[in-house]
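Engineer: Read off the chains here:
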Amino acid sequence: MTFRSFRFFIPVLAVTAAGLCSVVIISLTGRDPFMIYEKLFRATLLSGYGSGQVLFKTTTLIFTGLAVALPFRAKLFNIGGEGQLQLGALAAAITGTLLPVSFPAEAAVPITAIAAMAAGGIWGGASGILKVKFGVNEVISTIMLNFIAQAATGYLLTCRFAVPSTEHTPEIGNSSMLPGLDDLFGIFSGSPVNITILLALASVLFAAFYLFRSRAGYELRAVGLQPEAADYAGIRSGRHIIAIMSIGGALAGVAALNLVSGYKHYYESGLTGGFGFSGIAVALLAGAHPLWIVPSALFFGLLEYGGLAVGAYVPKDIFMIIQALTILIVIVLNARKR
Amino acid sequence: MEPAVRLTGITKKFGSAEANRNVSLSIMQGTIHAIVGENGAGKSTLAKLIYGMYRPDGGTIEINGKAVAFASPGDAIAAGIGMVHQHFMLVPTLTVTENVILGLEKKRLFSQLALKKSGDIIQQLSRKYDFAVDPDALVSALSVGEEQRVEIIKVLYRNAGILILDEPTAVLTPQETDTLFTVLRSLCRAGKTILIITHKLDEVLAVADTVSVMRQGEVTGTLPCRKTTKEELAVMMVGRSVLLRVENPAPSPGKTMLSVENLDYRTDDGRYKLQKLNFSIRAGEIFGIAGVEGNGQSELLSLLWGLNRKSGAISGKILLEGTDITGKTPAAISALGVSLVPEDRLKHAVITAYSVTENMLFGRHRETLFHNRSGFNRKTVNDFARKLRETYDVRCRDLDNQPLAYLSGGNQQKVVVARELERPGLKLLILAQPTRGVDIGAIEMIHRSIIGARDKGAAILLISSELDELIALSTRIGCIYKGSIRRIFTETELSEGREKEHSFEQEIGLNIT
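Residue numbers (my numbering), protein chains in the order written: chain A, 1 to 338; chain B, 1 to 513.
There may be inaccurate statements among the hints.
Claimed, not checked - The calculated DSBU-like cross-link candidates involving lysine-lysine, where the alpha carbons are at most 35 angstroms apart (straight line), are:
| id | chain 1 | residue 1 | chain 2 | residue 2 |
| --- | --- | --- | --- | --- |
| 1 | A | K75 | B | K500 |
| 2 | B | K276 | B | K230 |
| 3 | A | K75 | B | K66 |
| 4 | A | K133 | B | K500 |
| 5 | B | K379 | A | K133 |
| 6 | B | K276 | A | K75 |
| 7 | B | K13 | B | K66 |
| 8 | B | K347 | A | K133 |
| 9 | B | K328 | B | K227 |
| 10 | B | K427 | B | K255 |
| 11 | A | K133 | B | K310 |
| 12 | A | K133 | A | K316 |
| 13 | A | K75 | B | K347 |
| 14 | B | K128 | B | K227 |
| 15 | B | K456 | B | K255 |
| 16 | A | K133 | B | K116 |
| 17 | B | K48 | B | K200 |
| 18 | B | K230 | B | K255 |
| 19 | B | K379 | B | K276 |
| 20 | B | K255 | B | K500 |
| 21 | B | K200 | B | K347 |
| 22 | B | K387 | A | K75 |
| 23 | B | K116 | B | K128 |
| 24 | B | K227 | B | K310 |
| 25 | B | K227 | B | K482 |
Treat the hints as calculated values from the structure; they're not laboratory data. Quantities reported herein were computed from a predicted structural model and do not represent experimental measurements.
Please build the complete structure, drawing on both the sequences and the hints.
Structural biologist: Encoded structure:
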């Protein structure tokens, strides 16, 4: 019932302050910061290909951001987005190769999506079960499960599924592939952005509805705010914890559609490239509010691709510094508010 | 007679809110001066200003004729002021002497403490003021009343001439309260000045020489206790006349709703918290439970509400209309028509960050009437909230947008009481400290609603540490001691007891200690 639980001021201030810091840092490297920013915007927002790249990264970040934001409402910190995404991506790639070529796309795509969501969801749900049944802190368990996912996908790729003498799986069948926005509408020429972005936006709406309009969300937020009061009100906290960790994991996993079905068409090592971890930053900047995840993911997507685009002039690492600074400032400002 | 403390035009702001506004007050040497007022009237703030915990934004404080500006409680202690806090600050694993000298050791590391000498001083003090404390006893072995005496000795040991006591009787039994008052009078005779912060008007009239009433940050009057009455003070506190004792028409109890039979509860470490507990409540009856905190009341509440399913060992039966409810979940129990107003409302009864409307639904959100597919039916919910606000006079700016945390304690409690009393098919209502931290005006309203629920046929269990509340509302009173009911006062005994309240309170007091 309340959409106003988000404070506009702090994120804007944080982004501005981090931007000013970057001006100083770029100057220190001997480059003109305004030239760099001009090139950055020219290469991203002002170019069809560039904006497509930004939106492609934004799509993944929306999913991994939601994967952190939803459990966050139950006071759970899901650090496991990366592992959940890796497993989802591998599951999507394997499903895509196993489905017969003749399989219709209307069935193949949902099956791939379900496989990816199941893989990520089980991984997230496992942390939830560990927490409820054995009292294991979810931060510890998701980090550990990340290591296991990393090792397991590495093993499965190298020893089982990789095309011989390569580091990737075979290409998925045509029916499991998702069309790019370029193919469909001729926009964002040649860029990897694909129709998964619509699913990402739908997921945002689903998450907002779940949290603020459904009875499950009403109970879930109560569990996060005052767990003891939730017990008194007869709310089964354990169920909510396991459910929301599974939903978070499933959302991280389904980002595989963007990476595998919509872009690469196979799984390779390093495909997920830290998107799972960037999701934490996206969720924190958005104050764990589903609707604000969209601008937050756009901001990080812009920095991720923009950093690459001006890589010839300044090291990409500067933009990683800005991302990290933004989050630190958000956390500091939130702490001061209390 | 000189004023020991003289406040002139004291103002204290927190943000834009004025906790104290232009307070002027003289506390005469060698007297007991009480400050009364509702919660949030600014009396604690005033005490903390005198004790150096806050600094005033305007006005002056004079101690024994000298203007002072304390930077910390340390300065106040040096000037001869001592404070006994509502929550005691003692280390249970140390002896009385060790606790008293804590912070005053003034010794180098590893050198011997002058425990013997300090112990002797403590003994002298307790003889001089005529109250018994064993300097060598461990604090963990003391009763609440004794702990409070240790706190007073701590203050006297530091040579305080002015003692501030914040709600000193909140945790005491009637007997302990009487002992405290004797101690205070003997301190007063020895020339000490005593300032008591309280909201219990009976006690003020029983012990104080002078009383100042505070309302909304201002002192509305200072009178000698001989010349005032409880009613007059109440009007000054609230600003309008209030009914101090709710009308309690004769109850007409029906069939037995709740019966607790031979209930035992043992914690995981083997201690019995409830032992052979037996009582029953009929429809249309209020069963009060009197007792000192920690005698099994909170365990009883947890069991009745299904919260202790996973720890400890339970035996015996809790029958609601003949059905055993032990082992059922809170959701299942509430669905049978049971309501609970828990003791700690902010922690257990509400989500402070949720709006008033959302809180009116909290715990009742499973009722299908409020549902609309997977969400809530906004119209039904809003109508319901508006109806409750009107019926229970909940004062808030905006039902749907104002977080509950921003309401006053009384209004927060009205939200909880409204929600629980209006449960459809209410059979059993469990109330724990329903008016704790609630202002007089709201108490009146809550008491009337409780009587109203009784007359509609609900069985009510009332657990309260305020004996006058129990006596005013209950049909029967059970005295709980060490996990069992030691004595039940019948309906006839109660109606007789209401006529001679003080001696009746004493009698109850004997059965709970």
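Engineer: Need the status of pair K276 (chain B), K230 (chain B): alpha-carbon distance at most 35 angstroms?
Structural biologist: 41 angstroms, violated
Engineer: Taken at face value, is the distance from the CA of K500 (chain B) to the CA of K75 (chain A) at most 35 angstroms?
Structural biologist: 54 angstroms, violated
Engineer: Taking 35 angstroms as the top limit, are the C-alpha atoms of K328 (chain B) and K227 (chain B) close enough?
Structural biologist: 56 angstroms, violated
Engineer: Would the pair K200 (chain B) and K347 (chain B) pass a check requiring their Cα atoms to be no farther apart than 35 angstroms?
Structural biologist: 25 angstroms, holds
Engineer: Given the hinted pair K116 (chain B) and K128 (chain B), is their alpha-carbon gap at most 35 angstroms?
Structural biologist: 18 angstroms, holds
Engineer: With a cut-off of 35 angstroms on the C-alpha distance, tell me whether K379 (chain B) and K133 (chain A) pass.
Structural biologist: Violated: K379 (chain B) and K133 (chain A) sit about 39 angstroms apart, past 35 angstroms.
Engineer: Between K379 (chain B) and K276 (chain B), does the CA-CA distance stay at or below 35 angstroms?
Structural biologist: Violated, at about 48 angstroms.
Engineer: Straight-line Cα separation of K13 (chain B) and K66 (chain B) no greater than 35 angstroms?
Structural biologist: Holds: K13 (chain B) and K66 (chain B) sit about 24 angstroms apart, inside 35 angstroms.
Engineer: For the pair supplied as a hint, K133 (chain A) and K500 (chain B), is the alpha-carbon distance within the 35 angstroms limit?
Structural biologist: Answer violated: K133 (chain A) to K500 (chain B) is near 56 angstroms, above 35 angstroms.
Engineer: Does K310 (chain B) sit within 35 angstroms of K227 (chain B), going by the straight-line distance between their CA atoms?
Structural biologist: This hinted pair is violated, its Cα atoms lying about 57 angstroms apart.
Engineer: Is the straight-line distance between the alpha-carbon of K276 (chain B) and that of K75 (chain A) 35 angstroms or less?
Structural biologist: Violated, because 41 angstroms separates the two Cα atoms, which is more than 35 angstroms.
Engineer: Is the Cα-Cα distance between K128 (chain B) and K227 (chain B) 35 angstroms or less?
Structural biologist: 31 angstroms, holds
Checked against the numbered hints given earlier, the structure breaks hints 1, 2, 3, 4, 5, 6, 9, 12, 16, 18, 19, 24, 25 and satisfies all the rest.
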